[in-house]
Each structure stands twice: as structure tokens, then as C-alpha cells.
Amino acid sequence: MEALIARDVTKQYAQHTALKKVSVTIPEKTIYGLLGPNGAGKTTLIRIINQIITSDSGEILVFGEKLNPNHIGVIGYLPEERGLYKKLKVGEQLLYFAQLKGLSKADAKARIKKWLTKFEITDWWNKKVEDLSKGMAQKVQFISTVMHEPRLIILDEPFSGFDPVNAQLITKEILELKENGSTIIFSTHRMETVEDLCDHIALINKSEKILEGSKKQVKQQFRTNSFSLEHKGSFSLSGNYELVSQEILEEDFLKSIVKMKTPVSTNQLIRDLTEITEVHSFCERVPSMSEIFIGLVKGESHE
Amino acid sequence: MNKIFLIIEREFLNRVQKKSFIIATILIPLIFPSIIGLLVYIGKQQDKNATKEVVHYVDHSGFFVPDSSKFNFKLFQGSFEDAKTAYKASDDFALLLIPEMSIEKPDGITLYTKISPSLDDINSIEKIFETQIKDLKMQKMKIDQKVLDSLKTNISIKTINFSDNGQEKSSNSMIVAGIGMAGGILMYMFIFIYGAQIMQGIIEEKTSKVVEVIVSSVKPFQLMMGKILGLASVGLLQFIIWILLMFVLTFGVLGYFGIEPPQQQAMSQISADVAAQQTAMNSEMSKSLGEFYAMPWGYIAFSFVFYFLGGYLLYGALFAAVGSSVDSPAEAQQFMFPITIPLLISYMSLFMFVIKDPHKPISIWLSIIPFTSPIAMMGRIGYGVPLWQLALSMILLIGGFIFTTWIAGRIYRVGILMSGTKVNYKVLAKWFMMKG
Chain A
6 MEALIARDVT
16 KQYAQHTALK
26 KVSVTIPEKT
36 IYGLLGPNGA
46 GKTTLIRIIN
56 QIITSDSGEI
66 LVFGEKLNPN
76 HIGVIGYLPE
86 ERGLYKKLKV
96 GEQLLYFAQL
106 KGLSKADAKA
116 RIKKWLTKFE
126 ITDWWNKKVE
136 DLSKGMAQKV
146 QFISTVMHEP
156 RLIILDEPFS
166 GFDPVNAQLI
176 TKEILELKEN
186 GSTIIFSTHR
196 METVEDLCDH
206 IALINKSEKI
216 LEGSKKQVKQ
226 QFRTNSFSLE
236 HKGSFSLSGN
246 YELVSQEILE
256 EDFLKSIVKM
266 KTPVSTNQLI
276 RDLTEITEVH
286 SFCERVPSMS
296 EIFIGLVKGE
306 SHE
Chain B
343 MNKIFLIIER
353 EFLNRVQKKS
363 FIIATILIPL
373 IFPSIIGLLV
383 YIGKQQDKNA
393 TKEVVHYVDH
403 SGFFVPDSSK
413 FNFKLFQGSF
423 EDAKTAYKAS
433 DDFALLLIPE
443 MSIEKPDGIT
453 LYTKISPSLD
463 DINSIEKIFE
473 TQIKDLKMQK
483 MKIDQKVLDS
493 LKTNISIKTI
503 NFSDNGQEKS
513 SNSMIVAGIG
523 MAGGILMYMF
533 IFIYGAQIMQ
543 GIIEEKTSKV
553 VEVIVSSVKP
563 FQLMMGKILG
573 LASVGLLQFI
583 IWILLMFVLT
593 FGVLGYFGIE
603 PPQQQAMSQI
613 SADVAAQQTA
623 MNSEMSKSLG
633 EFYAMPWGYI
643 AFSFVFYFLG
653 GYLLYGALFA
663 AVGSSVDSPA
673 EAQQFMFPIT
683 IPLLISYMSL
693 FMFVIKDPHK
703 PISIWLSIIP
713 FTSPIAMMGR
723 IGYGVPLWQL
733 ALSMILLIGG
743 FIFTTWIAGR
753 IYRVGILMSG
763 TKVNYKVLAK
773 WFMMKG
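Residue numbers (the numbering used here), protein chains in the order written: chain A, 6 to 308; chain B, 343 to 778.
One should not assume that every hint holds.
Calculated pairs, PhoX-like style, for lysine-lysine (alpha carbon to alpha carbon, straight line, at most 25 Å) [said to hold, decoys possible]:
1) B:772 to A:211
2) A:211 to A:94
3) B:360 to A:94
4) A:110 to B:561
Computed from the model, here is a short list of chain A residues facing chain B with C-beta under 7 Å [to be verified]:
5) 55
6) 57
7) 79
8) 82
9) 86
10) 88
11) 91
12) 101
13) 104
14) 105
15) 108
16) 111
17) 114
18) 124
FYI, nobody ran anything at the bench for these hints, they're computed from the structure.
All C-beta atoms, glycine included, are put in the ideal place defined by N, C-alpha and C.
If we strip away everything but chain A, and leave its shape as in the complex, we get (with noise of 0.2 Å):
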């Protein structure tokens, strides 16, 4: 089942169209990365999916129903540019938010309190957020968002402003709570969170979407068919086979990229080269997301 659904959703501003046409299909149970460039509409597609604004044309459908009021306190969200009341203890704060999401306000206490227990800041509860450091709020906001144990969890920039140790305790949450069966969408430019993280993604560059798949379909369209090995003696290439590059390691040992022009196995590839020259190490060259991000956003197309 797909957790999430947009179909051709469009969003028109007066002076420019902050999403054409965008269909996005998200996969229950998948950690779902939204990638763009800022400006690319990405936060304008997870506004419309929170209904703090609505789309002009298209539709989307949460958990196979059409998006409505409801779903509030299935989704959990944490706005890229967020924070909490000042002055409010951390108790109370996190109370009103789960009231807001639709808990009662026993259940509430209850589920702070096993969240505030599970990130051992149980003493916390009535301490003013004004009071707490910078890493301290951010878990607090990080519970605000997950707390009401929503289904569907969108996260814009959740690492912008983390420390790595908090960055790191957060991941094994996103991860853990995957686990438990919640999907989760990322909203993010950051690549290493996209690699490390992310099953599936979705680019999205001036209002249009412009990939989407798993991140392995994704690489696989991308494959640039090259590979590079460090080998003894040197050799050239003909035929099928484009010697792209090579360099002098150290004496005899140099390091060569080989391009395919059309695609043959890999082992064939390395039976060939292993008649040339000696080979010492053999590996694909596969573009990371990053690669592919910055070339489908530059414009480029990666062979």
C-alpha cells in the first residue's frame, strides 16, 4: 500500500508556479527522500500535504483516502523552520501540541513521559525551553513531532542545526521508527543523508519532478558503464572498450578508467583485461546521489 499519493498536483502564486504537474507515489514503510534545490517547491508540495495550503489542481490521497482534516494526527512534521514557545515549560508545551494533534490529554502525558524516559530527560518536564541549549530544544522538538505516533512522518531539513551527536541519536530514531512500520518522508539537499538513509527518491527542480524511483533503479539509470582498476603494466583498449583515462600510481603501477560503449557483462570485461595487464583491484564506477543531483539540476546528462 502507498502511504502517500499525489497525482498532478499544481500550485499556482500570482507572479510564479510553485508546483506544475507533480506526481509523487510513496511507498509504505520507506524512508522517501524529496530532494531539490531550494526553491524547487519542495516545501510548497509538504505545506500541501500538512493542508496549511491547498493545491489548485490535483490530488492527493493519504493511506489510499483523499486528504482531509483527519489526517492531521496521522502525519507528524517537522518544519524546516520551526521552534517552541519560549516561555513555555517543556511539559506544558509538548501537551498543547499533543492536544493540538488530537491526543486526550492522558494519553498525551503518557506518551511525552516514554519519549522524555527514552532520551533520559525526564527531569526536563518543567524546565522553560528559554532554559535549554540548542541540541537540548531540538530533541524536544523532535518528540513534538513523532509523539502522537503518526504514520506518516515528513521531516524538512531535519538535520540543518543538529549536532552530529544528536544528528546520529535522531538517525537511529528516523531508523527505529521505520522499523515500527511509520514512513517517512525527507525533505533535504543534503546527499549524505539521502545515501545513507533513503529508499526511495523523488527529485524535484523548478516546480517539476523530474525523477523518482528507488534509490537502486535510480542508480541503475545512471550507470555510466565505467569502471576503474589499478593494474600493472600498462595497455591500451579498442573496439568495444574507451580507455578514458590513465595515470602512473608508482612505477608500473598505474590506475585506468574503462568505459563501455555498449554493455557487456563485467565479468567479460574483466576476462579482457586480464589478458592485457595484470589487474590488481577492479570496481564500478557509480555515480553518488550527489553526482546525479547536481547534474540533473545543472541540466546535464550523465552517459
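Chain B: place on chain A using the hints.
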């Protein structure tokens, strides 16, 4: 709906639990009278203790008799030119030149000073001359002071209103004007203070960036209304506490001075004997008090609460719209102007027209137009307002706040999510027109 109540509750608790609220609520009804009392006292003391300013005078008229109750007059023997030089060398207040003149045509009296004299000082000196010349004229016309005094008659008109149910009740226009003034000022303060608090709260939510977290759970309009209504409930609570405190204080003070509260008074007045026994002084006082208590307090309090809520909602929505569109209180200044103007107009009209002429067309219209009615109507309410005017004013006020709330809601929903944009009226209009 449930969520609006949550927001109202949160706002209410946030404000009420603050120390500043408790202090303001308890102390203001005590502090204001004390400050006024203290100022009056200090003013009196100062008048008493002030060393009299020295006024040198050169008299060519020959009839000026210095009246030293306010100034220390010193006659300068010699020419005016010499007097000028001497005065310039001294630290004294003024030099008064009284030229040769007749009492029929007293022209040319001139006061020379180093600093501009106050209106009060000039009036005092003029008064001295007027009195002296009047006395001289009376002597000349051979009029005796006693005859003059006997011409004076003191009239005090008793006013009685025919109220709607045919009862006659005496009214005291002093009390009525006082109520109007106090009600109007209180209304102005309440609207401003609470309106500014709405604005501040919204700017705070915007700058602390908590707002997007909240609007993912509630509609922006719910958040705005929750905030406005939450603060309204704080205002009402404060008002009720003030009324109770003043009630208790009044009774406390009256009890201390041994004046009977109205119910007991009414009872004792059943017996004519008791009434007859009252001294003249006491009856005069209890008459005023009786009139004070006879004011339709329930009606006035109800009107105040209605106009407070109506005016507050009407302006509160506008304050909310301003708060949502700016990033800091300093930026809010540019949009405060159009909100302040109608409030100031009604505040100034309160003193210029409404209290003086509560039944003139301008007062009537000011009390009917929604933007000015909360303050203007408070000025008129004690005088008795025809039912149709009150009804029209109230209906228009309700319409007015629905209208401003609608406008504010449309600006608010866009404004709160926009930070760092330069905002002017054109941008506000654009937001207003924007689709959800």
C-alpha cells in the same frame, strides 16, 4: 472547534499565570487613585511652600496697590530705563511697567521677563489689575460691595429624567459625565493594551518560528481566533476583578466614613423621622450618593462589556493582521497608523463633543459608526441612549468585527508563513487576494 478552545485555554493560562498580570490586576485599581492623590497633594504642597517670585514694578498710574498673595511686588523708584538695567542684572522673575492710564482705558501694561511666563502667571497678574480697577470703578459709581453681593444668586438646577417605564429619577450630570469619561478612557486603554498584546504574541510566534508547527495541526484562522478570544477572556477577567475590587474598596471607604450603603439607606428612609433627623450636610451628601447608586450600574456594566468585546474584537483582528505581516514590533509601526487614527479620533471626540453634547448629531454618529462607537458610546451611555441608536450601534459593531476578522484572517493566513519579506500595503493587498 475543540482546537480553538485548546488555544484559548493556552493563551489564557499563559497570560494569567504571569506575575505581571497579577500585579497589574490587583495594583492598578489601587495605584491610579493613589497616584492622582499624591500628585494633587504634591501640587498643593508646592503652592504652599513656593517662595513667591519677585516682580519689580514701575508705576506711573499711581493707583496700583500690590497684592502680594502670589507675587512679591517691589516698587522701583526711578525711571523705567534704570529699572530695566537693574532688572537685567538681577535674578528676579519679572519687571512690570504700569504706564500712565485712566481706569476707563487701562492700556499699555507690560510685563518684561527673561523666560516666557506661564499662562497662569499672566492670568494672575491680569486678575490683580481687573479686581483693582473694578473696585476703583465701584467707588467712583458709588456702588457698595454689599449691594453687589446681594445681586448674586446661586442657582442649582435639579434634573429629573422620565425613564422609559415612566419613573422619574433624578440624575446628576456630574456623575454621568464622570462615568462617560471613565468608561471611554478605560475602553481606549483596554483596546490598545489588549490589541497590542495580540500583535506581540503573534510576532513572537512568528519570530520563534513555532507558527508552522502549530498551523500543521490547526487552521491559521483557528489559531488567530483562539489567540484573540483567549486574550479577550483575560481582559474580561481583569475587568471583573477590577469591578469587584472597586466595589469592595468603595464599601470599605464608605463604611470607614460612616456613610450608609444604599440599601440600608433606602430602608432607613422609610421612616420620615429618621430622614428629618439627618443634618443638612449629611442629606446633601447622601443625596449625591443616592444619585450615584441610582445610576443603572448593571446596564452600564453590560454595555461596557459588550462594547469592550465588540471593539476589542474589531481592533484585535486588525492588530492580529499587522502582527502576522511583520517580523518585529519596530516594523509594525508603519501599519499601526491607520488603526490608531479612528481610536484617537474617538478618544479626542469623547472630550470635545460626546461628554459635552451627548445628543448632538456628531456624538450620535460617532457612537453608531463601528470604529468609533466603543469609546463614543461609553461617553453617552450614562445620559440615556434611545433604544434604536443603541441597537443600531450594536448591530453595526457586530457586523464591523465580522468584517475586520474576515479581512484579517485572509492576511494572517499568508502573513504568518512569510518571514523576511519586505511588506507594504500593496503586498498586504496581494496576500488578501491570494487563494488558500
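Check your understanding: Checked against the structure, which of the hints given earlier come out wrong?
Key -> 2, 7, 15, 16, 17 and 18
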